[in-house]
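If you read the sequences in order, they're chains A and B. For the first sequence, the working numbering gives the first residue as 1, with consecutive numbering after it. For the second sequence, the working numbering gives the first residue as 183, with consecutive numbering after it.
Since the hints were derived computationally from the structure, they do not count as laboratory data. Only a predicted model underlies this, so the values are computations on that prediction, with no experimental measurement involved. Careful: at least some of the hints might be erroneous.
Below, in silico cross-link-like pairs of lysine to aspartate or glutamate (EDC-like), each with a Cα-Cα straight-line distance of 20 Å or less [unchecked claim]:
1) A:Lys126 x A:Asp159
2) A:Lys164 x B:Asp337
3) A:Lys164 x B:Asp341
4) A:Lys18 x B:Glu345
5) B:Lys261 x B:Glu247
Label-pair ranges, simulated between beta-carbon atoms [said to hold, decoys possible]:
6) A:Glu99 x B:Asn184: 21 to 27 Å
7) A:Asp159 x B:Lys216: 35 to 41 Å
8) A:Lys106 x B:Gly251: 42 to 48 Å
9) B:Leu269 x A:Phe168: 40 to 46 Å
To give an idea of the interface, some chain B residues facing chain A are shown, with a C-beta separation under 10 Å as derived from the structure [as the list claims (entries may be wrong)]:
10) Tyr222
11) Ile226
12) Asp228
13) Pro266
14) Leu269
15) Gly271
16) Ile319
17) Ile320
18) Val322
19) Gly333
20) Ser339
21) Phe352
Cβ coordinates follow ideal geometry from the N, Cα and C atoms, glycine included.
Number of protein chains: 2
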Amino acid sequence: MNISAFMATSLDGFIARKDGSLDWLDHANALVPKGEDCGYSEFIEDIDVIVMGSRTFGKVLSFPEWPYGKRRLIVLSSKSLEIPKHLKGTVSCSRETPEALAKRLKAEGAKNIYVDGGLTFQSFLKAGLVHEFTVTIIPVLLGDGIRLFGGIPEDISLDLLSEKHYGFGFVQLRYAIQKPKQ
Amino acid sequence: MNISAFMATSLDGFIARKDGSLDWLDHANALVPKGEDCGYSEFIEDIDVIVMGSRTFGKVLSFPEWPYGKRRLIVLSSKSLEIPKHLKGTVSCSRETPEALAKRLKAEGAKNIYVDGGLTFQSFLKAGLVHEFTVTIIPVLLGDGIRLFGGIPEDISLDLLSEKHYGFGFVQLRYAIQKPKQ
């Protein structure tokens with residue numbers, strides 16, 4: 001089982017403003033040629049389970065369209081969460097730790113897990129469960145906001161798997177964690 | 183007059199550990215082929231004045247050799263600083279603000295200023311005085327340390343000028359600030 005992430009960040013390491021706002025990303029995306037999704041559809045194609053926190057889930061619910069189709073999604077939340085009726089077939093809620101969830105998904109035969117949202121990504125990274133991740137660096141400094149990376153118990157060495165840069169200034173880096181626990 | 187910076191950072195945005203230690207960078211550099219300096223000598227060749235804070239200066243003094251030859255260096259420090267005798271011809275100390283120093287250096291005919299060290303780089307960036315900078319991203323996460331970037335009064339939009347990646351996993355990005363003040 002492979003656990004990965006696919007995130008956009010400002011050059012100074014923020015995935016959103018403090019209030020969760022993505023206006024700066026929308027602004028940057030306005031310069032992206034139509035039809036260019038920076039590899040997202042290729043990435044998501046292989047994913048069978050998406051995992052995110054309740055904050056990111058709330059954000060995704062606010063999008064004009066549900067972006068994940070029939071793909072299975074698990075919201076990690078310590079609070080009980082209301083799942084909209086039309087999503088109850090694919091979306092579930094869990095209070096499991098990253099370790100417990102990873103173990104369960106593996107036992108269930110899941111192949112490719114996508115952890116999304118800053119805190120969820122960080123908690124899986126901290127637990128040594130992430131195998132690889134893709135970071136798209138947007139050419140802007142925000143100065144403050146919600147961080148992509150957080151504290152970790154020890155250094156994490158990475159292997160650069162691939163690099164791509166775009167005419168509109170985005171740089172996409174894909175890294176593997178050198179020693180994932182699982 | 184052009185003000186630029188040339189920095190190495192962990193992927194999570196740290197230029198040193200909390201105590202200033204660069205062990206992680208030494209560790210990464212051990213994998214760099216001999217003779218490969220990732221463009222540093224080419225960068226420094228054009229520089230006529232280096233500006234740094236007292237902390238970075240202290241670090242440079244601890245290196246086995248003084249790396250800047252006869253190049254002029256200004257240490258920004260609010261405290262009075264002891265300059266070693268053999269460096270008194272090229273190193274001076276100043277309490278000027280970034281704005282005042284930039285104005286003076288321009289009046290003196292300086293062409294290419296290199297601002298080094300996290301706080302100095304941040305204070306020039308905050309003041310809108312930096313024209314471009316090169317960031318070399320080292321494939322490691324540290325989780326904590328001294329940040330490359332800090333708070334800024336408003337978003338800073340960047341243009342990606344060039345990109346280079348190395349077989350040993352470093353990625354070097356050069357950006358121009360879209361609207362420098364000077």
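Cross-check of the supplied hints:
1. At most 20 Å may separate the alpha-carbon atoms for a hinted pair to count; Lys126 (chain A) and Asp159 (chain A) meet this at roughly 17 Å.
2. Proximity of Lys164 (chain A) to Asp337 (chain B) is assessed by CA-CA distance (about 24 Å); at most 20 Å being required, the pair is judged violated.
3. For the given pair, Lys164 (chain A) sits about 16 Å from Asp341 (chain B) by alpha-carbon distance, which is consistent with the 20 Å threshold.
4. Pair hint Lys18 (chain A) plus Glu345 (chain B) does not hold up; C-alpha atoms about 29 Å apart against a cutoff of 20 Å.
5. Distance restraint check for Lys261 (chain B) and Glu247 (chain B): the Cα-Cα separation of roughly 25 Å exceeds the 20 Å cut-off, and the hinted pair is therefore not satisfied.
6. Between Glu99 (chain A) and Asn184 (chain B) the Cβ separation comes to about 51 Å, which falls outside the hinted range of 21 to 27 Å.
7. A C-beta distance of roughly 21 Å is found between Asp159 (chain A) and Lys216 (chain B), which places it outside the suggested range of 35 to 41 Å.
8. Judged by the Cβ atoms, the range 42 to 48 Å given for Lys106 (chain A) and Gly251 (chain B) is violated: they are separated by roughly 58 Å.
9. Range check, Leu269 (chain B) to Phe168 (chain A): Cβ separation about 45 Å, and the 40 to 46 Å hint holds.
10. A cut of 10 Å between beta carbons decides the hint on Tyr222 (chain B): the least distance to chain A is about 20 Å, and the hint is violated.
11. Interface hint status for Ile226 (chain B): violated, as the beta-carbon distance to the closest one in chain A is roughly 23 Å, over 10 Å.
12. Because the closest C-beta pair between Asp228 (chain B) and chain A is about 23 Å apart, greater than 10 Å, the hint is violated.
13. Annotation: interface hint on Pro266 (chain B) violated; nearest CB of chain A at approximately 34 Å, more than 10 Å.
14. With a cut of 10 Å, the hint placing Leu269 (chain B) at the interface with chain A is violated, because the nearest CB-to-CB distance is about 33 Å.
15. Because the closest C-beta pair between Gly271 (chain B) and chain A is about 37 Å apart, greater than 10 Å, the hint is violated.
16. For Ile319 (chain B), the interface hint holds, since its Cβ comes within 10 Å of a Cβ in chain A; the closest pair sits about 7 Å apart.
17. Against a cut-off of 10 Å between C-beta atoms, the interface hint on Ile320 (chain B) holds, since the closest Cβ of chain A lies about 9 Å away.
18. Contact between Val322 (chain B) and chain A, as hinted, is supported at the beta carbon level, the nearest pair being about 5 Å apart and thus within 10 Å.
19. Annotation: interface hint on Gly333 (chain B) holds; nearest CB of chain A at approximately 5 Å, less than 10 Å.
20. With 10 Å as the threshold, the beta carbon of Ser339 (chain B) comes within range of chain A, its nearest partner Cβ sitting at about 5 Å, so the hint holds.
21. For Phe352 (chain B), the interface hint holds, since its Cβ comes within 10 Å of a Cβ in chain A; the closest pair sits about 8 Å apart.
Violated hints, in rising order: 2, 4, 5, 6, 7, 8, 10, 11, 12, 13, 14 and 15; the structure is consistent with all others.
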